[in-house]
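From first to last, the protein sequence lines are chains X and G. Under this note's numbering, read the first sequence as residues 1 to 419, first letter to last. Under this note's numbering, read the second sequence as residues 1 to 254, first letter to last.
Possibly wrong hints are sitting among the right ones.
Cross-link-like lysine-lysine pairs, in silico, BS3-like; alpha carbons within 25 Å at most [what the hints assert, rightly or not]: (1) K44/X <-> K34/G; (2) K55/G <-> K158/G; (3) K305/X <-> K55/G.
Don't read these hints as lab results, they were simulated from the structure.
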Amino acid sequence: MLLNKFLKASVRSGIRLQTSAAASAAASNNTSLGFSFELSEQQKEFQQLARKFAREEIVPAAAEYDRSGEYPVPIIKKAWDLGLINGHIPQEYGGMGLTIFDNCLITEELAYGCTGIQTAIEANSLGQMPVIIAGNEAQKSKYLGRMMEEPLMCAYCVTEPGAGSDVASLKTRAVKVGDEYVVNGQKMWITNGGKANWYFLLARSNPDPKCPTSKAFTGFIVEADTPGIIVGRKEINMGQRCSDTRGITFEDVRIPKENVLIGEGSGFKIAMGAFDNTRPPVAAGATGLAQRALDEATNYAMERKTFGKVIAEHQAVSFILAEMAMKVELARMAYQRSAWEVDQGRRNTYYASIAKAFAGDIANQVASDAVQVFGGNGFNSEYPVEKLMRDAKIYQIYEGTAQIQRMIIARELLGKYKK
Amino acid sequence: MSGRVLVGVKRVIDYAVKIRVKPDNSCVVTDGVKHSMNPFCEIAVEEAVKMKEKKLIKEVVVVSCGPQQAMETIRTALAMGADRGIHVEVTGKDYENLGPLQVSKIMAALAKKEDALLVILGKQAIDDDCNQTGQMTAALLDWPQGTFASELSMEGDKIKVVREIDGGLETIKINTPAVITADLRLNTPRYATLPNIMKAKKKKIANMKPADLGVDITSRLEVLRVDEPAQREAGVKVETVDDLIARLKEAGRI
């Protein structure tokens with residue numbers, strides 16, 4: 001069947017430029033330059049493992065999960081068995097304590113296979129990040145530890161029907177009653193909402209509208225089976241359809257004070273701090289999608305003939321492919337820089353926003369271009385690129401919209417120039 | 001008995017890569033081309049690791065002959081569960097001329113040195129398709145061989161091997177120590193897990209040269225020329241069966 005032929009052709013020829021033996025030999029001697037694009041041996045092995053898993057396990061199953069919208073439990077379980085998820089969890093809690101860079105390498109490879117599946121996996125990282133950066137020993141041990149014992153999911157529960165970009169305007173209320181907090185409110189678009197074992201929840205703990213944002217919110221860890229949590233229906237979305245996205249209602253949900261992160265009023269900083277660590281992997285995911293679109297389009301262009309030659313030999317088409325390639329390479333460099341910055345211990349907000357904004361935008365452009373290269377076939381569900389175009393859109397929306405990223409970049413940029 | 005299994009692994013051009021012949025027809029292009037472990041070698045490693053997990057053997061030692069890059073292949077095997085590696089360094093012209101006879105001499109020497117209970121190899125490499133190394137190694141050691149194995153079971157100090165042959169399946173029982181070559185259906189190789197990749201870094205890889213084993217690797221073969229398979233020519237359509245018969249007669253086919 002044509003679909004299989006193209007799937008196999010594109011997955012197998014893997015037109016990714018590999019470093020030649022000569023170049024890598026030279027690079028290993030070349031520490032004097034300081035700057036290097038060379039991955040370590042271990043990073044290459046991680047990347048190889050993730051790539052193999054994505055090509056052999058995710059790619060063949062992706063189209064069906066997209067059609068049915070079914071949550072990809074078997075694939076997530078296999079990825080968990082191989083240690084491909086929860087990479088951020090520190091070694092003290094049974095995790096691998098991988099750097100953000102290493103995580104990004106793996107994320108890009110998995111996203112190449114299917115961004116719906118990869119988002120379900122990435123949502124774990126987003127949910128865990130507040131605990132990793134702000135949790136105390138007991139919290140980390142309990143909530144991160146259990147993720148390593150079985151393939152559990154968690155979720156980052158911040159967005160509301162009335163508050164997306166404007167996190168500070170969220171309305172979910174947390175009121176201290178004795179040794180507990182009672183939470184009431186509505187959350188929306190929560191990835192893994194229906195599958196999570198626990199949530200990171202951001203709620204307003206200080207009702208005074210004059211209270212500064214930095215003191216008005218509290219971050220909680222909430223067990224998903226706490227009475228009063230009502231999980232909404234699975235939302236049917238344009239793309240990444242197998243990822244589980246839901247509204248969650250909190251009706252007099254009681255959270256013990258032990259589950260407060262840092263302390264009452266510290267929530268906003270924690271919620272935002274997580275992003276510096278999770279935006280690079282999201283950018284990596286968008287890059288993986290774009291790379292897939294580029295591979296599929298290029299393979300197709302070398303086989304489809306028109307006007308007497310393969311379409312890749314028509315400059316109009318080869319120029320489209322060239323521009324797709326430019327964007328993919330640059331997006332990759334951008335996320336790698338932002339990941340490297342945070343791993344060096346520096347504040348990477350500027351680079352993380354640049355990477356996420358750029359990768360999200362180009363993923364959409366490249367996916368759309370891929371459909372164009374495929375022509376009529378591209379519009380059809382028998383070919384893999386229309387799914388890429390549908391999947392790409394969310395990268396300009398979640399984890400900070402394209403517009404919010406630009407606000408952040410402008411703020412950081414102007415900050416550098418302030419006299 | 002040492003309970004030690006020696007597994008040979010070969011670094012070959014990845015199965016998915018389109019092979020190109022060098023313009024001077026001397027050999028195939030390998031520069032900048034993706035390489036990986038020979039698929040049958042993966043199956044061999046998997047079988048050895050499985051035997052160790054079942055506590056039938058004690059140690060899996062993986063061997064590869066070649067230049068520096070052979071270390072990557074050894075490390076992949078370590079990440080799958082092998083205990084330690086041996087890299088037999090062969091470079092340049094020697095590596096280009098390295099064939100089954102030379103490798104089997106090295107494997108035989110190592111099998112004796114390591115006091116191996118079993119030598120498990122892939123049935124053939126996907127680059128040269130020789131299907132000789134296992135058989136030659138057994139002959140040099142004067143050990144029994146169980147080739148094209150699709151099933152293995154230890155029975156005391158003997159091994160029962162189910163072999164895939166043209167007519168179907170053949171079951172034999174051979175003494176140990178023995179040489180086994182792995183066929184496709186022996187098992188499905190595992191993915192190395194991320195934690196195992198990290199652990200593999202701490203496993204030892206010993207380095208040596210063929211001379212250290214007293215092996216002479218001069219080749220008795222010289223490659224004269226390498227060509228791509230002939231391009232498939234266009235066929236001819238005929239209108240009737242009579243036409244077909246006439247054409248076939250003309251071509252001397254019937």
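Results of checking the hints against the structure:
no.: 1; hint: K44/X <-> K34/G; result: 13 Å, holds
no.: 2; hint: K55/G <-> K158/G; result: 16 Å, holds
no.: 3; hint: K305/X <-> K55/G; result: 58 Å, violated
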